[in-house]
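Chemist: From first to last, the protein sequence lines are chains A and B.
Per the numbering used here, residue 74 is the first one in the first sequence, and the count goes up by one each step.
Per the numbering used here, residue 15 is the first one in the second sequence, and the count goes up by one each step.
Simulated from the structure, these hints should not be mistaken for laboratory data.
All C-beta atoms in this analysis are idealised placements derived from N, C-alpha and C, irrespective of residue type, glycine included.
Do not rely on the hints blindly, as some may be mistaken.
[Claimed, not checked] Only pairs whose alpha carbons sit at most 27 Å apart, straight line, appear in this in silico DSSO-like list of lysine-lysine:
1) Lys55(B) x Lys164(A)
2) Lys49(B) x Lys164(A)
3) Lys136(A) x Lys344(A)
4) Lys138(B) x Lys55(B)
5) Lys385(A) x Lys344(A)
6) Lys209(A) x Lys164(A)
[Stated by the list, open to error] FRET-style restraints, in silico, Cβ to Cβ:
7) Ser359(A) x Arg95(B): 53 to 59 Å
8) Ser359(A) x Glu93(B): 29 to 35 Å
9) Val78(B) x His470(A): 37 to 43 Å
10) Glu346(A) x Glu93(B): 31 to 37 Å
11) Trp92(B) x Gly446(A): 33 to 39 Å
12) Pro72(B) x Gly446(A): 35 to 41 Å
13) Tyr441(A) x Gly132(B): 34 to 40 Å
14) Arg342(A) x Gly132(B): 55 to 61 Å
15) Leu185(B) x Tyr476(A): 36 to 42 Å
16) Gly132(B) x Met154(A): 30 to 36 Å
17) Glu346(A) x Arg95(B): 44 to 50 Å
[Said to hold, decoys possible] Footprint (simulated), chain A over chain B, 3 or more residues, beta carbon under 8 Å:
18) 27-40
19) 106-113
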Amino acid sequence: MPRFARLAVIPGLVLASALLLSAESQEFIQQAADTNINRQYMIETVSLAGIEVGQTVPIKLPKRLRERLRSLVGQHYDIAMLEDLSAEIRKELHFRTVTQHLSRGSTPEMVRVNFDVVRRDLFFDISLPKFLYHSKQGFSGEVDASTRLNQNDLEFGVVSNGDDLTERFTGFTARYDSAPFAEIAGSDRMRLGLTFEDYHVEWNQATLAALPGSGLDLYRSRWNAAPELVFNIAPLTVSVGTSFETLESEFAGGPRQSANAGTLDISYRHKIEGNGVQQQIEGRYSLRVATRALGSSYAYARHLISAKYEVKTGRQTIADEFLGGAIDGNAPFFDRFVLGSSSTLQGWDRYQIDPLGGSRVVHNQVTYGYRVGPGTVQGFYDAGMLWQSDRAATLRHSLGCGYKQGVFVMAMAFPVRDGRIEPVFMAGMNY
Amino acid sequence: MSSVTAAGASDSLSVYLDGDYLRVNLPHLDFLKGKPLERLKDGATVIFSGHLKLSASPNALLPVAQSVASFAVSYDIWEERFSVTKLTQSKEARHTWSHLSAQAAEAICLDNLVIDRGQVPADKDFFVQLELRPDDAKDQLGIIGNPGIDVTRFLIEMFGKPPRSPQERVLYSSGPFRLSDLKRTEVRSTRG
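With the rest of the complex left out, here is chain B (with noise of 0.2 Å):
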């Protein structure tokens, strides 16, 4: 089984079974840092958008399956925790966990991007990809507004932005991977 590391990380990424889910983990799963991490402690919200798919080879453009989610985190500037809450559709069926470390907020995104057992692919080779960034929503602000659309700002977003900072997002690469060589956990919780 061989492992492909990105974005400068040097831990695998671990894949296995739990109950009726496939979850990823990672010794040391670090993307609260950095820009994002100084605008949290500047009282902003920051979406993390995750992605986590499974795939025929390492390069395919079509996930075999995937999961994809949204998570808002925020940093409470006198306890000095995260809060983490998962975006949906309908504000009833938010989920959100707070007073957390960076360790645990982290963790909190990772447990939930989980690919359900059934779309696994059963006797074929499959390849696991996650990746972890933040969302530049805020700075689409100010495009547009009562007195229209700012063209000079729309240019900006689009084409002067600086790319975007390795460090800040996570992309990790693994396998290839079978089900039935997949080590199995006792069932942890549903699908978040």
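One chain only, chain A, in its complex shape (with noise of 0.2 Å):
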């Protein structure tokens, strides 16, 4: 059994026992919170810690939390919907429990919610964030230990990926994040990130193939320094910062190169709430910008703009996802764009597409989704094009369908081509 592979066994055992306590418990909340007799009557008033939210709270709720809280005045009890944010709530605060109470309001027919908070003496989690089987790829994951420290957010991440570039990364992270230390228009916060990794590589024996004549620079490891600037302006969240990426050569004495960066990041997400028909629209822009001006070996520019546009209504789901890239410069293939992933062009070889990545990329999903008891099975068809700026484009298509559950995933995709066709089988979590 590959060395990987052994380390999946234990995330994956891990996996498999949610999985099955979540596909229980999820079915049965529903159920009972249907049939709770408190349905009838309306929420006059909601307390955190026994103390009305709208009033002064001393436990500093975010925004957005704080919204759904005091949204829930005026509407029917609603058990499940209490629970979930019981849930939020000591995830986003870190509190050790977090149980709702009910009681008598001023008049019948009203009722009145306390949630109760047990806070940590230290604050300690570890998440599995993201799992994925992938048929060709093997085993991707992630685990990551996190804590708290006076609201600055601090987190351990071990991470071997197989998915999303040509080359399989393996290593640590480190991710810091501080209490918001600045208020915008009243409301809207500003915080300082900061990002740690460091990886080994691996190569697949196609790109070492294609190598040669490429003028592409193979390494052995990496690391990155990246500190940022996040400012939360709703619906838009921007990020400025810049990024120190050293790499170290695959061969001995080889030269140690740097792609030290300008970084932009911006994302919008907004949700339209209407007659039994749900609409969400997210939008992504990212820049990347290496310059010699920061001591950088390699200069080059990379955008990257995705959106996504995804409507509900009943049991049906359909989604449209797009992305779009170009570099202008040469980058190292980290940076370089991969079709044939977890999420792109699913069901092809990345390795047939191109071995060492391209420098344009366009790729469209189109997901349509019927909900079956707690899950939903979908189908799928995607089609992108992958090329050098020099060179031709090649447009791909590839079908699948699936089973989403919550978190989980499980899907079978097939490229759309002449002659012999091998399914991809893809199981995981978050991707």
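With the hints in hand, could you dock these two chains into one complex?
Modeler: Here is the structure:
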């Protein structure tokens, strides 16, 4: 059994057990919530730790959560929603427990809700945010440990990823997020983020075979330090920063290179709730400009834009997701574009498309989902092009189907092409 | 006929035939108490799992026949009465009873645990076991969310939780019985 496959057994067992727990509990919780006799009553007040939300609250509640709690007033009592909120408050504010308590309101037909909280002596969490098994790429996954000190978040992670880039990168990450330290327009916030990454890199044989004459350099490890300032200007999140990335040559005595860059990331998210129709729009633009002014060996500009539109009505969901990107200049492997992953041109082998990655990319995915029981059966169609600026592009297509329940997904996809077709199987979470 | 009781209960489990069904009865069934009752009075819905099984011996692993059901119980904060819903695969088949006292709510759960007479061994002794316990579905919240699996919480839930208090679980065993010896009553209702 490969080394990483052995390492993946433990998170795999956790994943399988959690999936079983999830399937059972989600259905029961929803069914049970619908039957609660107190649904007939309206919520008069909502309190956190005994203090009514809306008055001064000693616990620093994020604005979004504060608004959600306020919006409960005047609504019918819904135990499922309250339990979701308890879990969110616990996670967001890192309490040991949060439990909701119901009491009579000032008049019959009205009730009061209080969220009781128990603080932790020391906060420390381990989570499995992403996990994927891909029948051609093997396992990819991440395990994070996080803690919070005086509203400053610290997170350490172990990653092995053979899905996102031409290379498989395995190593450690560390992330610091400061407490919000400035208020903009009275309510929105600014904070400082700092990311460290240290990865060992493994190359695919197809990449090694295609390398001669390409002008690209292999590296055996890379590490990155990236400070950034993040502004939340609802519905936009903007981050401006720098990234100091150092690449250790694959060959003994080879020169150490760097890809030091200025970075900009703008993301947008908006939800529209209508009569039985929910729409969600997401957009993102990211720019990375590596320049010799920052001491970089590489000089290039990488632009990536992505957009997603999703509409839900009844049991049905339709989503369209687009991404397009371009690189001007000569970028190292980790910044080159890839198609044929678990989220783009699913079913294709990325090394057959281009073992070196591309400097131009366009991709679109259309997904149709139909809710069945606690999960959703999905069908998807991907179309995309990956090419170099000096070569012609080829349009490729793939089709697939899968089943999604919460954050868990199982899917099978195959490329649309002539000749022998091998379907690809994928199973995992948050990919 | 001998009787064995567990979970600190002193009452014996009586078994009788009601038309085409085998039913059980307990004079003082009392499982709406302790932490589940506290949670109900806090406005939560508590799911109780009921399991009635017939087996060839008191410690047999495989039942001869069984009835399994889940009941969602809630407590009306203004009326101070209970509501019971038998959970089923389809919403349409659900049945809810409301405005109940604690005893009436408990009796509803028991009445809905029945075994078809045709499944009862006709010419052999059998033992009867009744189990009623609250489910911990609520505690599983927070393990899985958008950021993925919270491994810490998962491990705490799996290994760090104290064992269930014996008072929260009702477990009665009784037997041996014979079908021909069972008391018969007039037909009360069809299967719940």
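Chemist: Take the hints in turn and mark each one as holding or not.
Modeler: Going down the list of hints, with the structure as the test:
Note on Lys55(B) and Lys164(A): the hinted pairing holds, with a Cα-Cα distance of about 25 Å set against a maximum of 27 Å. The hinted pair formed by Lys49(B) and Lys164(A) meets the criterion: a straight-line CA distance of about 24 Å does not exceed 27 Å. With a C-alpha separation of about 17 Å, the suggested pair Lys136(A) and Lys344(A) falls inside the 27 Å cut-off, and the hint holds. In summary, the hint linking Lys138(B) to Lys55(B) is not supported, as the alpha carbons are separated by about 45 Å, beyond the 27 Å threshold.
Between Lys385(A) and Lys344(A) the CA atoms are separated by roughly 11 Å; this keeps the pair inside 27 Å, and the hint holds. Pair hint Lys209(A) plus Lys164(A) does not hold up; C-alpha atoms about 35 Å apart against a cutoff of 27 Å. A hinted range of 53 to 59 Å holds for the C-beta pair Ser359(A) and Arg95(B), which are about 58 Å apart. At about 57 Å, the beta-carbon gap between Ser359(A) and Glu93(B) misses the expected band of 29 to 35 Å.
For the hinted restraint 37 to 43 Å between Val78(B) and His470(A), the CB-CB distance of approximately 57 Å leaves it violated. Judged by the Cβ atoms, the range 31 to 37 Å given for Glu346(A) and Glu93(B) holds: they are separated by roughly 33 Å. Between Trp92(B) and Gly446(A) the CB atoms are about 34 Å apart, so this pair conforms to the stated range of 33 to 39 Å. The hinted window of 35 to 41 Å between Pro72(B) and Gly446(A) holds, with their beta carbons roughly 38 Å apart.
For Tyr441(A) paired with Gly132(B), a C-beta distance near 46 Å fails the hint of 34 to 40 Å. Arg342(A) and Gly132(B) have their C-beta atoms about 59 Å apart, which keeps the hinted 55 to 61 Å range intact. Hint check: Leu185(B) to Tyr476(A), Cβ distance near 38 Å, so the stated range 36 to 42 Å holds. In this structure the hint that Gly132(B) and Met154(A) lie 30 to 36 Å apart at CB is violated, the actual value being about 44 Å.
Distance hint for Glu346(A) and Arg95(B): a CB-CB separation of about 35 Å, inconsistent with the stated range 44 to 50 Å. Only residues whose C-beta sits within less than 8 Å of a C-beta in chain A count toward coverage, and the stretch 27-40 of chain B has 0 of them, not enough to reach three; the restraint is violated. Note: the stretch 106-113 of chain B has 3 residues with beta-carbon separation from chain A under 8 Å; the three-residue rule is met and the coverage holds.
The structure is inconsistent with the numbered hints 4, 6, 8, 9, 13, 16, 17 and 18, although it conforms to all the rest.
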